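Trainee: Here are the chains, one letter per residue:
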Amino acid sequence: MVQSGGTDSSKTRKPDSSIKKLRMFGLGLFRSSHNISPWITFLGLIFAGLLPLFVGAGNQNALSQYVIYLIWITLAESWNLIGGYAGLINLGIGAFFSIGCVISSILLNLGVSIVPVMLIAGAVGAILALALTPTFRLRSDYFAIGTLVVPFLLKPLVEFIAKKSNFDVPIGIVLNPTLFYYTGLGMCGITIFGILFLMRSRVGMALRGIGDDEYASSALGVNVLLFKTITLVVSGFIASVAGAYYLGVIGAVNTTIFDNLSFSLFPAFMVIIGGIGTFEGPILGAILFSGVSYGAVVYFQGTSFEVLVFSVMIMFVAVVLPKGIVPTLRRSINKRKNQRVTPESKSD
Amino acid sequence: MALIGANGAGKSTLLKVVMGVVRQSSGDVIYNGSSLRSLRPHSVVHRSISYVPEGRRLFPEMSVKENIRMGAPARCNDLKERFDRVFLLFPVLKDRRTQQASTLSGGEQQMVAIGRALMSNPQLLLLDELSFGLSPIMFENVLSAIEKIRENGVSILMAEQNSERALEVSDRTYVLENGKIMMTGKSSDLIDDPRIQTAYLGVVS
Amino acid sequence: MPVGLTDIVQNIVNGLLNGGFLALASVGLSLIYGVQKILNIAHGAFIVIAAFVTIDFSILISPVLHLDPLISIALDFGVLTVFGVLTYFGLIYKTENKGFEGPLLATFGLSIFIEYVITNGLIFPISISPTQSFKLVLIPVVDPSYGNGAIAQNQAYSSNVLSLGGISFPEPQLIAFLLAFFTIPLLHIFLTRTYYGNGIRATAQDWEAAEFSGIDVRKTRILSFALGSGLAGIAGGIYAFTNSVFATEADVSLLPLILAIIILGGVGSVIGTLIAGLVVGLLISGSNFIALEVLTQYSFPSDIGVLLTFSIFLIVLMVRPSGFFGRAVK
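Protein chains in written order, with my numbering: chain Z, 1 to 348; chain L, 349 to 553; chain A, 554 to 883.
It should be emphasised that the hints constitute simulated quantities derived from the structure, not laboratory data.
Among the hints, a few may not be true.
Residues from chain A that face chain L, not an exhaustive set, calculated with beta carbons under 8 angstroms [claimed, not checked]:
id: 1; residue: Gly719
id: 2; residue: Pro723
id: 3; residue: Gly750
id: 4; residue: Trp760
id: 5; residue: Ser766
Keeping only pairs whose Cα atoms sit at most 20 angstroms apart, straight-line, the calculated SDA-like set for lysine to any residue is [claimed, not checked]:
id: 6; chain 1: A; residue 1: Lys647; chain 2: Z; residue 2: Thr178
id: 7; chain 1: L; residue 1: Lys442; chain 2: L; residue 2: Ser492
id: 8; chain 1: A; residue 1: Lys651; chain 2: Z; residue 2: Ser64
id: 9; chain 1: Z; residue 1: Lys323; chain 2: A; residue 2: Asn650
id: 10; chain 1: A; residue 1: Lys651; chain 2: L; residue 2: Arg371
id: 11; chain 1: A; residue 1: Lys651; chain 2: L; residue 2: Ser492
id: 12; chain 1: A; residue 1: Lys651; chain 2: Z; residue 2: Arg331
id: 13; chain 1: A; residue 1: Lys647; chain 2: Z; residue 2: Pro322
Distance windows between CB atoms, simulated [claimed, not checked]:
id: 14; chain 1: Z; residue 1: Ala131; chain 2: A; residue 2: Val847; range: 28 to 34 angstroms
id: 15; chain 1: L; residue 1: Thr451; chain 2: Z; residue 2: Asn223; range: 33 to 39 angstroms
id: 16; chain 1: A; residue 1: Glu846; chain 2: Z; residue 2: Phe193; range: 52 to 58 angstroms
id: 17; chain 1: Z; residue 1: Pro38; chain 2: A; residue 2: Leu845; range: 53 to 59 angstroms
id: 18; chain 1: Z; residue 1: Leu226; chain 2: L; residue 2: Met530; range: 48 to 54 angstroms
id: 19; chain 1: Z; residue 1: Asp213; chain 2: A; residue 2: Lys651; range: 47 to 53 angstroms
id: 20; chain 1: A; residue 1: Glu846; chain 2: Z; residue 2: Ala216; range: 42 to 48 angstroms
id: 21; chain 1: A; residue 1: Phe743; chain 2: L; residue 2: Arg371; range: 48 to 54 angstroms
id: 22; chain 1: L; residue 1: Ser503; chain 2: Z; residue 2: Leu226; range: 32 to 38 angstroms
Since the structure is predicted, the reported quantities are computational estimates derived from the model, not experimental observations.
Built from N, CA and C at the ideal position, the CB exists for glycine as well.
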């Protein structure tokens, strides 16, 4: 699990050479200790921050393809908070994302700049999350089904209130690609480390307890409902912010975005592929998932063959790596370590 | 035969290993000269071993008759005779055969569970915590039915918390502790054993 | 526009006819979900596969062999049953014991895969253009110039309509309704009267106890998955005759409404699903009718019926998660 048992053992025992080698190559990320991965992530963010310098001023549009990764990482982080740490399989995160996108379109039309727009959209997402808190009463699979339907419920509602289904960004607003990229990087970094610090705080301790055993936690006096609400609100806030930012990529939005279950399901699957409830899982899953799909788009240019690659990948991961990459790697590394350390302690 | 022992001694686990629910890490289960290892539970049932699980585990939304029917094999020519045998043993169930299983009392549910297990014509009947949630009077009723089943030539292995009654009704008893057999012998001998008396029967010497 | 009694009755008839299809589309997934507690996200895609089997059969094979296109519905059942078994062994068998998310992920991948196959015309010759929709119209047998067969509606052929006292019953929809009304009670009888049907119910209620009773739970799960997929096949065949089918619909877009009906009817309750399907059909057509033709002074959104259905669904889910006909969930 996520306790820092790994560091203690490496202090008391001499780590064997293969693990040392692994750590040298940065693969220490997958050890049971949490100490290295945030640093690697931090380095990754700094590298991403330097990226516009390498890309060069003439080719600023190339940045827009990296922006996609930032959005997916943010969404996956948001999902990991509710689905991974709190253990609530939320399949309706697309509702927050889409509403963020729509709000962003309306506000950009009014001439508000992108960062306040993202914050306001986040606030709307948080309010939506509050409205959805009654779903906590549900059994876990019904919670999943109930949340899956939320975007479809919102679509006619938004059309009814806005009296239109197409939301355009006026031509006058052009976002500076470099600035836009840094905004996304900031959003992504704040999300990753914000959630990391949240999980190390009291809220995080309580959440892990709830995720492990809800009834035991409530018996110990943890206010389960309060912590679940906090999680859903924070998660909804982040997803809406990401949605608001996404508008900058697509330019115009119409309400069919609510019908697109990809925004609900992909974040969940990224986290599942990476490893539910881990720090590295959502980041790794999002990069891998979007990397493979966008890589395939480039490789099979002009066809839709990437969809095939993509679908086969999802099925493969589900069947072969049901626990996700990070926990599987961790388990195999721990197993090897334990075999070496205690070969005689098998006599139970 | 009876298995007795404290909570967590491994009585239920032993029965589950026989049924193939829990996989053993070592050892084997031999029944009638063939191994039951790596058989799935339904195949164990087809080897004429039946199991009455702890807590009855009826199908709550099905009627008494449907519950009992599920114990018999898919193609069954003497279904009616099998039903008659169960209803002869538990006449109460005949009157309630259309009632939903979840609406029955604890004792009646236990009867349905035993009836369901008997429908496969077992030679060995495994009973897990027969006394679970039953009043003493109801427990005695069920036990007397078990006596009748034994008279019909069905071997019975019961895991029981109620050590005193288990010792009284069984021929042989195994005393389990931490998954190991601590004592074994004729029940009539064990019941007089001072260690059993202090540890399981609550007799103060 | 004045609203007459005929309009109201016509509206109710339309709702019921559509509800029959919805019920049939949902009942298979309800069965699978009840027994295995897994959510087959590709269920909607299964329906679209079957729809294209019917479309291709009716346009390519039916006129050549002089077979009634309705026969293809039986074919759909067979094809999808086989497909269900393959799916079970390929994806579900390995993932079903590893939590709720595993099968979800696997079947989502499958639905994308199916969408790709259909939109690219890899298996079905007539499904190539994703933007083009297909709707079959039965050609009456009595018309000798066409022979026996069906025709895609975008080739312009008017639909057969039975008329009864000013109320019209579009023939394909009527057939769909009758099929649903015939199939679902048949399924109910299978589940309550036969050993294997009872085995499915027993496994849904307590699979461990089912094993102790001598039921082969693994076979029962395969059976229920195959049967559920086969029912999606029948629903898909009907879909081809009653709705415009888009190849791109082979994604998850049919799923939310199906899920709503399953929960409203109570998971695993066959008759409940039928009633819920009819109620939702009535609700959609009725509320659309009222919003768009009676209260025309307010500008309601065009899919107010869907909005209402999902709202009711969420409320029911909160208040009574077992649905109207399901067992009480602790």
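Trainee: Next, verify each hint and record whether it holds.
Mentor: Checked hints:
A hinted interface residue such as A/Gly719 counts as satisfied when its beta carbon comes closer than 8 angstroms to some beta carbon of chain L; here the least separation is about 45 angstroms, so the hint is violated. Of the supplied interface hints, the one on A/Pro723 is violated, with its beta-carbon coming no nearer than about 38 angstroms to a beta-carbon of chain L, more than 8 angstroms. Residue-level restraint check for A/Gly750 is violated (minimum Cβ-Cβ distance to chain L is 10 angstroms; threshold 8 angstroms). Interface restraint check: A/Trp760 against chain L, minimum CB-CB distance 10 angstroms, threshold 8 angstroms, status violated.
For A/Ser766, the interface hint holds, the least distance from its beta-carbon to any beta-carbon of chain L being 5 angstroms, beneath 8 angstroms. Pair hint A/Lys647 plus Z/Thr178 does not hold up; C-alpha atoms about 46 angstroms apart against a cutoff of 20 angstroms. Taking the CA atoms of L/Lys442 and L/Ser492, the gap is near 18 angstroms; set against the 20 angstroms cutoff, the hint holds. Among the hinted pairs, A/Lys651 with Z/Ser64 is inconsistent with the structure: their alpha-carbon atoms are about 38 angstroms apart, more than 20 angstroms.
Between Z/Lys323 and A/Asn650 the CA atoms are separated by roughly 12 angstroms; this keeps the pair inside 20 angstroms, and the hint holds. Using a Cα cut-off of 20 angstroms, the hinted pair A/Lys651 and L/Arg371 holds, with the two alpha carbons roughly 18 angstroms apart. Annotation: proposed proximity of A/Lys651 to L/Ser492 is violated, straight-line Cα distance about 43 angstroms (limit 20 angstroms). This hinted pair checks out: A/Lys651 and Z/Arg331 have alpha carbons roughly 16 angstroms apart, not beyond 20 angstroms.
At roughly 9 angstroms between alpha-carbon atoms, A/Lys647 and Z/Pro322 fall within 20 angstroms of each other, so this suggested pair holds. The hinted range of 28 to 34 angstroms is satisfied by Z/Ala131 and A/Val847, whose Cβ atoms lie roughly 30 angstroms apart. Checked against the hint of 33 to 39 angstroms, the pair L/Thr451 and Z/Asn223 passes, with Cβ atoms roughly 37 angstroms apart. Between A/Glu846 and Z/Phe193 the CB atoms are about 55 angstroms apart, so this pair conforms to the stated range of 52 to 58 angstroms.
A hinted range of 53 to 59 angstroms holds for the C-beta pair Z/Pro38 and A/Leu845, which are about 55 angstroms apart. Range check, Z/Leu226 to L/Met530: Cβ separation about 50 angstroms, and the 48 to 54 angstroms hint holds. Distance hint for Z/Asp213 and A/Lys651: a CB-CB separation of about 19 angstroms, inconsistent with the stated range 47 to 53 angstroms. A/Glu846 and Z/Ala216 have their C-beta atoms about 56 angstroms apart, which leaves the hinted 42 to 48 angstroms range violated.
For A/Phe743 paired with L/Arg371, a C-beta distance near 34 angstroms fails the hint of 48 to 54 angstroms. Between L/Ser503 and Z/Leu226, the C-beta spacing of about 57 angstroms breaks the proposed range 32 to 38 angstroms.
In the structure shown, a violation is registered for the earlier hints numbered 1, 2, 3, 4, 6, 8, 11, 19, 20, 21, 22, in ascending order.
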